[in-house]
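Trainee: Start from the sequences, fold in the hints, and give me the full structure.
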Amino acid sequence: MKKSIFKNPILPYLLVAPQLFVVLLFFFWPAFDSLRLAIFNVSPFGDRMIFVGLDNFIDLLTSPEYYRSVYHSFIFSLGVTFSCISVALLLAVLVNQKIRGLAFYRSAILWTFGVAPPISGIIWLFIFHPTYGILSYGLAQITAYEFNWLLKGWIALVLVIFAASYAHLGYNVAFFLAALQTIPNAVVEAARVDGAGGLRLFRSITFPLLSPVTFFLFIMNMVFSFFETFGIIHAVTQGGPGDATTIMVYKTYVDGFVHMRMGLSAAQSVILMALVTFLTVMQFRYTEKKVFY
Amino acid sequence: MKKAKAWMVFVLMAGALALPLTSWAKTEILWWHAMGGFLGERVNDITNKFNASQSEYEIKAINKGGYADVLTAGIAAYRAKNPPHIIQVFEVGTQTMLSSGAIYPVYQLMKDQGIKIDWEDFISVVKTYYSKGGNLYSMPFNSSTPILYYNKTAFEKAGLNPQVPPKTFEDIEKAAKAVVSKGAAKIGFTVSWPSWTLMENMHTWNDQPFANNNNGIAAMATELKFNGKLGTQVMELLTQWQKEGIFTYSGRAARGDQPTINGEAAISLASTALVGTMARTSKFDWGTGNLPKLSGYPQGNSIIGGASLWVMKGHKKEQYKGVAKFLEFLGQPEQQAWWHANTGYFPLTRAAIKALPEDHFRKNPNLWTAFAQITSGKTTPNSQGIRLGNFVAIRDTIEGEMENIFSGKKTPKQGLDDAVKKGNQTLKEFTSLYK
Numbered sequence: 031m032k033k034s035i036f037k038n039p040i041l042p043y044l045l046v047a048p049q050l051f052v053v054l055l056f057f058f059w060p061a062f063d064s065l066r067l068a069i070f071n072v073s074p075f076g077d078r079m080i081f082v083g084l085d086n087f088i089d090l091l092t093s094p095e096y097y098r099s100v101y102h103s104f105i106f107s108l109g110v111t112f113s114c115i116s117v118a119l120l121l122a123v124l125v126n127q128k129i130r131g132l133a134f135y136r137s138a139i140l141w142t143f144g145v146a147p148p149i150s151g152i153i154w155l156f157i158f159h160p161t162y163g164i165l166s167y168g169l170a171q172i173t174a175y176e177f178n179w180l181l182k183g184w185i186a187l188v189l190v191i192f193a194a195s196y197a198h199l200g201y202n203v204a205f206f207l208a209a210l211q212t213i214p215n216a217v218v219e220a221a222r223v224d225g226a227g228g229l230r231l232f233r234s235i236t237f238p239l240l241s242p243v244t245f246f247l248f249i250m251n252m253v254f255s256f257f258e259t260f261g262i263i264h265a266v267t268q269g270g271p272g273d274a275t276t277i278m279v280y281k282t283y284v285d286g287f288v289h290m291r292m293g294l295s296a297a298q299s300v301i302l303m304a305l306v307t308f309l310t311v312m313q314f315r316y317t318e319k320k321v322f323y
Numbered sequence: 033m034k035k036a037k038a039w040m041v042f043v044l045m046a047g048a049l050a051l052p053l054t055s056w057a058k059t060e061i062l063w064w065h066a067m068g069g070f071l072g073e074r075v076n077d078i079t080n081k082f083n084a085s086q087s088e089y090e091i092k093a094i095n096k097g098g099y100a101d102v103l104t105a106g107i108a109a110y111r112a113k114n115p116p117h118i119i120q121v122f123e124v125g126t127q128t129m130l131s132s133g134a135i136y137p138v139y140q141l142m143k144d145q146g147i148k149i150d151w152e153d154f155i156s157v158v159k160t161y162y163s164k165g166g167n168l169y170s171m172p173f174n175s176s177t178p179i180l181y182y183n184k185t186a187f188e189k190a191g192l193n194p195q196v197p198p199k200t201f202e203d204i205e206k207a208a209k210a211v212v213s214k215g216a217a218k219i220g221f222t223v224s225w226p227s228w229t230l231m232e233n234m235h236t237w238n239d240q241p242f243a244n245n246n247n248g249i250a251a252m253a254t255e256l257k258f259n260g261k262l263g264t265q266v267m268e269l270l271t272q273w274q275k276e277g278i279f280t281y282s283g284r285a286a287r288g289d290q291p292t293i294n295g296e297a298a299i300s301l302a303s304t305a306l307v308g309t310m311a312r313t314s315k316f317d318w319g320t321g322n323l324p325k326l327s328g329y330p331q332g333n334s335i336i337g338g339a340s341l342w343v344m345k346g347h348k349k350e351q352y353k354g355v356a357k358f359l360e361f362l363g364q365p366e367q368q369a370w371w372h373a374n375t376g377y378f379p380l381t382r383a384a385i386k387a388l389p390e391d392h393f394r395k396n397p398n399l400w401t402a403f404a405q406i407t408s409g410k411t412t413p414n415s416q417g418i419r420l421g422n423f424v425a426i427r428d429t430i431e432g433e434m435e436n437i438f439s440g441k442k443t444p445k446q447g448l449d450d451a452v453k454k455g456n457q458t459l460k461e462f463t464s465l466y467k
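Those sequence lines, one after another, are chains A and B. The numbering used here puts the first residue of the first sequence at 31, with every later residue one more than the last. The numbering used here puts the first residue of the second sequence at 33, with every later residue one more than the last.
There could be a bad hint or two in this list.
What the hints assert, rightly or not - If you anchor each label on the Cβ, the simulated ranges turn out as follows:
| no. | chain 1 | residue 1 | chain 2 | residue 2 | range |
| --- | --- | --- | --- | --- | --- |
| 1 | B | E366 | A | T92 | 56 to 62 Å |
| 2 | A | F134 | B | K445 | 57 to 63 Å |
| 3 | A | A208 | B | Q272 | 54 to 60 Å |
| 4 | B | S85 | A | Q171 | 55 to 61 Å |
Everything labelled a hint here was simulated from the structure, so no lab data went into it. None of these values were measured; they are calculated from a predicted model. The beta-carbon is built from N, C-alpha and C at its ideal position, and this holds for glycine as well.
Mentor: Here's what the structure looks like:
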């Protein structure tokens, strides 16, 4: 590594100072504030605070409701991650071929990335709506089962998984497409000479070569579905029916801003913070080394 | 080049400084409210009227979303030391606001500003609800109560008498069955604001306690009681109807308004505040009636919902003068009468009722329904209102458990027991904060 090229020893610190200031102000300060709030019982308007030690954490870890939200979070996140990765991979492979109208297909597939998650939620809400949704109507024609997400928890969960996956599909396709184009032609041709067909080629060459990107996307999708899907849930199900779509982030919001139990909410955000830290460490540690092959 | 750039920056900055100067002429007063759509337009009408009536103050009415969003935004703004002057808070936020220490009580504000308002003239149900120790803490604004709506066109199609609204649960059952079996409407029966219409008002209307200490009016409530006989009976009946296909759950908060307004539901329970919207927009014949009674219970009264206006602490004296003038304006009989006739909310003072044209209620029977209901009901300790600490959370809990009941995850009794248990925890936490 090269040694410092700055003559003035203070200059580099000055140069990073603005960035550092932003990080401290918008990341560290709120994070420390959550840590502080988590050990208090706070009144809605913040005028009264009672020190309660670890009570908020004990409340959480002994409440079946909290575990349900953890469970819902994992079902939801794995659902989103799995459907995003598999559909995106399929689409990426398809648009990586030399076909007519390629530019159109590529942009058509990528532009879902431009749809804000809550908008995607509303789109799917209309498609799925029990009284006027086209999908519910179609399903009602072929089955006797009532696909009413206002009442059936698992349908509501499927609905928000669809909406979240739709919003994040473009992102996945973009990464897969880029990765597909880095696969050297020589390797593919060599395999063809050895007599590998399309499926075999994909299984033995393409997929293993994509594994670092797949792993990266796995982490990114988990982070996305854990932390950035609040808007979808809020716009579509508001965590219901019952608490069937109340994922951890949504519960943190409901407890803090609807039920106005700031301390309890802060305790949950501390747990979420630990989780996101863990995921980020995983990503840094493993995506750099080329996993699995 | 450099000079030109410097000049441009200067001109831009000067322009930016000059912009707010033009609006300094009037004292601006911020009002955050939750009235969207049709009602939001009426709010703009009334603020425009005030702004045009004088030149010192300018009321800026801003819609911050639904009721819960406005309260959340208000709290966040207060904590950031930048609250609006006036905030509209729904009735379930009343105890939270009373205890908050963040408000400037309206009776105090009016006294300090030397504005005389005849508080005794306010109708009593409304006055008691927003008062502490006999003094009004917030300005009553849009008070409502739930009533029954029914689709006359669908009734006719189903061979029912469209002139007679269902009066009891048995009536609803019969009518909904007829309507659904004849295909006259998609939905037999539904409700808006499920906790408000089915739990809170069913208890007060049938004179049963919802919480201890007279539902929290006599003293801070510590124990919820809606998992008793009546509550369970209502939920059992509805799950039964749901199985028979004559009751449809439409979702939390105001989501049930939609099937009422567009005529999908033959019968529904919703706020009287829909009357204005329905009169303007619905393309079918409709009527209203009193809340349904359950047989075997005494007559109580329905309670008020809607919202009141709270004045926030932390502003300048001359601004409070404008706030007081605006609230005084809203209390004037003419404004009250106009607001009532155009929206469906109650006229709040006796003077306002007198200011209405003599044949007003005869001409507008649907505006009369809520009024007749609340004035004919019997006000008892169980039915003068429900005021709970952190009622927002408790209502959310109730609606969550209702969903568990309607989805068959829990029995009615079990769901209500769980709601009471969790609600009591919320009350305990609230009272421990405000000891």
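Trainee: If any of the earlier hints don't hold here, list their numbers in rising order.
Mentor: none
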